[in-house]
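Keeping their order, the protein sequence lines are chains L and U.
Each residue of the first sequence is one higher than the one before, counting from 51 in our numbering.
Each residue of the second sequence is one higher than the one before, counting from 212 in our numbering.
Fair warning: there could be bad hints in the mix.
[Stated by the list, open to error] Sample of chain L residues with no beta-carbon within 10 angstroms of chain U, all distances over it, derived:
(1) Ile54
(2) Pro142
(3) Asn189
(4) Pro190
(5) Pro198
[What the hints assert, rightly or not] Between beta-carbon pairs, the in silico distance windows are:
(6) Glu104(L) / Gln240(U): 41 to 47 angstroms
(7) Asp258(U) / Phe185(L): 30 to 36 angstroms
(8) Glu253(U) / Glu104(L): 30 to 36 angstroms
To be clear, the hints were calculated from the coordinates, so they are not data collected in a lab.
Glycine is no exception: its CB is placed at the ideal position from the N, C-alpha and C atoms.
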Amino acid sequence: MNAIILFSHGSLLCGAEQALQAHAEHLRRQGLAPLVRIGFLNYTEPLFPQTVAECVAQGATHILVVPYFLVPGYFVRVDLPRLLDEARARFPSVTFTVTDAIGYDERLADALIASAQAARPLEHERDVWKQAAAFCRRNPECPLFATPRCPATGSE
Amino acid sequence: MQALLVMVHGSPRPDANREMFRVVDLVKQRGVFPIVEVGFMECNTPDIPGAIDACVAQGASEVIAVPYFLHTGTHVMEDLPALLEEARARYPRVQFRMGTFLGCSTAIADILVDRVTAALPNGSAAQAGC
Numbered sequence: 051m052n053a054i055i056l057f058s059h060g061s062l063l064c065g066a067e068q069a070l071q072a073h074a075e076h077l078r079r080q081g082l083a084p085l086v087r088i089g090f091l092n093y094t095e096p097l098f099p100q101t102v103a104e105c106v107a108q109g110a111t112h113i114l115v116v117p118y119f120l121v122p123g124y125f126v127r128v129d130l131p132r133l134l135d136e137a138r139a140r141f142p143s144v145t146f147t148v149t150d151a152i153g154y155d156e157r158l159a160d161a162l163i164a165s166a167q168a169a170r171p172l173e174h175e176r177d178v179w180k181q182a183a184a185f186c187r188r189n190p191e192c193p194l195f196a197t198p199r200c201p202a203t204g205s206e
Numbered sequence: 212m213q214a215l216l217v218m219v220h221g222s223p224r225p226d227a228n229r230e231m232f233r234v235v236d237l238v239k240q241r242g243v244f245p246i247v248e249v250g251f252m253e254c255n256t257p258d259i260p261g262a263i264d265a266c267v268a269q270g271a272s273e274v275i276a277v278p279y280f281l282h283t284g285t286h287v288m289e290d291l292p293a294l295l296e297e298a299r300a301r302y303p304r305v306q307f308r309m310g311t312f313l314g315c316s317t318a319i320a321d322i323l324v325d326r327v328t329a330a331l332p333n334g335s336a337a338q339a340g341c
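Between the sequences and the hints, there should be enough to build the whole structure, so can you do that?
As structure tokens, then:
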């Protein structure tokens, strides 16, 4: 059984992964594989090894790793192969394939133009912080933690 | 006159920016914005204040900034707006607006689908209906 893992950097900021979650849901709706999961390199859970273990536990025999990176830089060329070596040692019967990173695509130009055409005054950008607060996981490393905007600590 | 300012993280490997520059060249070709400039947060030049100077020098009355970032986070939510607010103080007659970061776009999801189907065996790709 195929599984897709979107491999992402992760963030200290609560809720930073919301856009990626939406992309994962899009892949699920496309029916590309019975399992579509996210595995993070740092900070955000689940970390990549945990995601691999969960996919295998659910019957994955072939795991397609999609680097959620604009360019195949250090994280994709160095960290990911190390994680894959560990995963292969742990699950020798499972095969792994790594796809291309996002890289160049004409649709990125259209996305840039669309974003610019929907741009808002600078004051509105700060509203995004409110979205982060909505996904609070009481993470002391989150930039919002212990600020007035942190629901976990900021209400006093 | 509108200027598009593409705000990029920057990389110690100049090669890492090659594909971004190809995308920006395509944006220029589309001709939607008379001025298009790239500004880097780190590592590469011009930096973002320098790119804004270039927009204004070309006659921009409005600068629309879009983060070429896949993720939200402190750069997108704090550092970049702070740089734009500083620029607004320097150029009070220029309007500044900011778009959502690139990773928000549904185009990213479509591209991920393509990366997956390119790597799956043919049968699976056909099944995906792409």
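Hint check against the structure, violated hint numbers in rising order: Structure breaks hint 1 only.
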